[in-house]
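Assembly of the complex is requested from the two constituent chains, each provided in isolation within its own frame, with the hints serving as guidance.
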Amino acid sequence: MDFEPMEDFERDLRQAFQRRPAPPGLKRKLMEMRQKRRAPGPNSPHRQSNFFLWQRLAASVALAAVLGGAAAWRNAEERRKGEEARRQVMTALRITGHALNQMNAQLAARDRAAQQ
Amino acid sequence: MAHDWQPNFEQLVDEYQSMVFSLAWRMTGDRGLAEEIAQDVFLELDKHLGKLESAAHACFWLRRVAMSRSADALRRRKVRGMDLWVEIDEGHGAKAEERTSPLGNRLEQLLSTLPEPHRAALVLRYQEDLTPEEIAATLASPLATVKSNLQRGLKLLRAKASNHLREYVRVKEQASGL
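Residue numbers (our numbering), protein chains in the order written: chain A, 1 to 116; chain B, 1 to 178.
Worth double-checking, as some hints may not be accurate.
[Stated by the list, open to error] Short derived list, chain B residues pointing at chain A, Cβ under 8 angstroms:
| id | residue |
| --- | --- |
| 1 | E35 |
| 2 | A38 |
| 3 | D40 |
| 4 | L43 |
| 5 | F60 |
| 6 | L103 |
| 7 | L107 |
| 8 | Y126 |
| 9 | Q127 |
[To be verified] Just a sample of chain A residues kept apart from chain B, beta carbon distances all over 10 angstroms, derived:
| id | residue |
| --- | --- |
| 10 | P23 |
| 11 | Q48 |
| 12 | R86 |
[What the hints assert, rightly or not] Covered stretches of chain B (chain A as the covering partner; in silico rule of three or more C-beta atoms under 8 angstroms from a C-beta of chain A):
| id | region |
| --- | --- |
| 13 | 21–30 |
| 14 | 134–145 |
| 15 | 154–163 |
If you're looking for bench data, these hints aren't it; they were derived computationally from the structure.
We treat Cβ as the ideally placed atom computed from N, Cα and C, and that holds for glycine.
Isolated chain B (complex conformation) (with noise of 0.2 angstroms):
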């Protein structure tokens, strides 16, 4: 099939490697991994330029092989939970100008201890604000799925976050006034 537009390799790099590697990090938890997995999907990309057929195009594959790469890691090296919550609490050599807000932080540890289908889910629907039918297309699961992953996953961190982040909410109230 023709198509006009011209894939740019460095382009696409800046375009879209903080949010590969946003996903390699969210999804496996640890820095070192994921900046490993990133440069594995770029030098993947490159190899399929010439299949992309626009930046959407581009954009999708990367969020696909991404989440594909990590869950492969993740495989591998069978991290467990409360490992995750270790590396991501100390930061894992991250300049403190890429570290989150306490609560982000927070929520990022109790996010590394749901099962990887539902972390799968919740990180492509908040961070890169998909919806369930785009999350379905990206991991190339069936839609009710996802959105069963979405709604348990999504109960099931708010009750991780209920009873770990009571200090944060006294603190919020504390702030606001209450």
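Bound-form chain A, shown alone (with noise of 0.2 angstroms):
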């Protein structure tokens, strides 16, 4: 048995595939929910996303003021070594300048006494 001629088959899907009404409460649902994304709330994802880049702003913030703190204290505390090694070396430098100068003058009080 065959079915009825292609263009009859076609007409009839066309009739059996009128849209279908929408339920009833759809569009009520649709305006809700974009009211409700409209005015964002404390838990909106606006809200949400905003604070979150402020805490990753005020995060990346408290970050750069460590590093560049301890930058600081690391150049200051080199510094510091510096010129107490400068220190000791110029206390050295004096204290082997006096023992060179109490030499020369013996040697030369020496040589004095050798003449008379």
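Take a look at the structure:
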């Protein structure tokens, strides 16, 4: 047994595939969801994304401050150590100079005594 | 590009909710899922209102997004043809006035057993009355593929109808006095 001709079948398909009415509450739900989305509440995605943005920004600033402080402290500490080392070298040089002067004076005194 | 058309969300919902819902229902076979898809599609439309240039563009955009979201939902749920058949057969919560004729219901049941590309082409062709070129643009598919899907889908559906709808044909013949 064959079915009806293709044209009739296509006509039946058009009749069968008429658009169905949407659920009665669909439009109301959509308008409510849209309204809710447009009025940002305390937990709205917009607010949350702003909060996280500020949080990230504050964390970045704090991290930059800590890193900057550490770098400055390290620089100052190196400078202080350098000054200390220079001061020690100068002291050593002064002591050495003083000792040499004393030896020179003693040698000069012996030379004078030998000549007399 | 400047355009004078001012989109009105509420008006677009009024005008196209039935189209979007029907496309999603016929593609997924699940009334509840179709309603969810319709909501998603219209909320997406709300985001894109500024980019739409005309009512025809809005209609085209809605069809395309509804088909794409339905295909995504089908892939996610991995719904098989027989599952859809049962859902549509039971009306799945549809009110009496929403149900179509017995022939319409049977054809929808058979439609839901077709492969997804065939089903998409047939729904756009016979629900939306689109040309193959318009279907190709909506589905972003090559025209030759769409034509092939239409032909094969129609033949397959007709063959299934010949096998499954003998009873309907007999009743129809009796009604027409043959």
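- Query: Per the CB criterion, is B/F60 less than 8 angstroms away from chain A?
  - Reply: violated, 16 angstroms
- Query: Is the shortest C-beta separation between B/A38 and chain A less than 8 angstroms?
  - Reply: Holds: closest Cβ of chain A sits about 6 angstroms from B/A38, inside 8 angstroms.
- Query: Any CB of chain A closer than 8 angstroms to the CB of B/Q127?
  - Reply: holds, 4 angstroms
- Message: Tell me if the interface restraint on B/L103 is satisfied: Cβ within less than 8 angstroms of some Cβ in chain A.
- Response: holds, 6 angstroms
- Query: When the nearest CB of chain A is found for B/L43, is that gap smaller than 8 angstroms?
  - Reply: holds, 6 angstroms
- Message: Quick check for students: does the CB of A/Q48 sit more than 10 angstroms from each CB in chain B?
- Response: holds, 18 angstroms
- Query: Given B/L107 as an interface hint, is the shortest Cβ-Cβ distance to chain A below 8 angstroms?
  - Reply: Holds. Min distance 4 angstroms.
- Should the interface hint for B/D40 be scored as holding, given a Cβ-Cβ cut-off of 8 angstroms against chain A? Given a least distance of 10 angstroms, the restraint on B/D40 is violated.
- Stated coverage of the region 21–30 of chain B by chain A [criterion: 3+ residues, CB within 8 angstroms]: Holds: 4 residues of the region 21–30 of chain B have a Cβ under 8 angstroms from chain A.
- Query: Can B/Y126 be said to touch chain A, with a Cβ gap under 8 angstroms?
  - Reply: holds, 4 angstroms
- Okay, the region 154–163 of chain B and chain A, do three or more residues pass the C-beta test at under 8 angstroms? holds (count 5)
- Task: Closer than 8 angstroms, Cβ to Cβ, for at least three residues: run that test on the region 134–145 of chain B against chain A and report holds or violated.
- Result: Our answer is that it is violated, as 0 residues pass the Cβ test (under 8 angstroms) against chain A, missing three.
In the structure shown, a violation is registered for the earlier hints numbered 3, 5, 10 and 14, in ascending order.
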